[in-house]
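Start from the sequences, fold in the hints, and give me the full structure.
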Amino acid sequence: KMNVESNPARKRGRPKGSTCRKIFNLSFDQMLLRNPRFIARRCPRHVPPPSILVPAIQHVFDTFGPALDAKTGTPLFSKQAWAKENAVIELAQEGYLSDIEGISMYKKTGIDKYGLEKFKLLRGTNNVEGGPHGDIYRKFGALNGMNQALFSAFSMHLYGVDWDYHHDIGLIKRTSFLLNYLSDLLESADSYSDWINGDLYEATDETFGICKIPGV
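This note's numbering puts the first residue of the sequence shown at 7, with every later residue one more than the last.
No lab work stands behind these hints: they were computed from the structure. Predicted model only: the values in this text are computed from it and were never measured. Treat the hints loosely; a few may be bogus.
Stated by the list, open to error - Mimicking EDC-like on lysine to aspartate or glutamate, the simulated pairs with C-alpha atoms at most 20 angstroms apart in a straight line are:
#: 1; residue 1: 85; residue 2: 100
#: 2; residue 1: 90; residue 2: 118
#: 3; residue 1: 218; residue 2: 100
#: 4; residue 1: 28; residue 2: 118
#: 5; residue 1: 113; residue 2: 100
Given below as structure tokens:
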């Protein structure tokens, strides 16, 4: 768990400790153990930057990974678990697990009967899962449709039109390049004239928030 003092936003939660003592006759830490959801709904949490987060995660892995299971005597982390550990550390180093500076990950949802503010967590993708995924499921009865089905669903969901191109983006780009190259020789070479070919552009080092814009 995150230290309450590690985030200025959570310092506003100090009165919640007095509320726990007054209403429930429990300290803040006791309430956190007995009813963590009560605390979570009323205390915004903060995921620190990589400079703080990575050493903390590494310390947990180094402490508990080699520890032996009390029943089996085997290490808690298997080879597969250590491989996952490296992936988690890499994500944390890139900043993907940290809060974005200047962007609140919570929104206020009201005041409870004790006079405490309640918050809703905005991390994750729950708010968008019912959009295109819902369309795919309703149209095809499954979430593992092939590329052709996925492109059709996304284009209909986003633009209200059917997808007129091939469903292999790499093939479209190669075909577009060849047709553009032959446009002076073939009259029909303009069939992909409205396609923006990403292969003809240089890769960028720009980012969207903390995420690097990938090459397409």
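So, going through the hints one by one against the coordinates:
1. 85 / 100: Not satisfied, since the Cα-Cα distance of roughly 23 angstroms exceeds 20 angstroms.
2. 90 / 118: violated, 40 angstroms
3. 218 / 100: Roughly 10 angstroms separates the two Cα atoms, so the pair holds.
4. 28 / 118: holds, 15 angstroms
5. 113 / 100: violated, 26 angstroms
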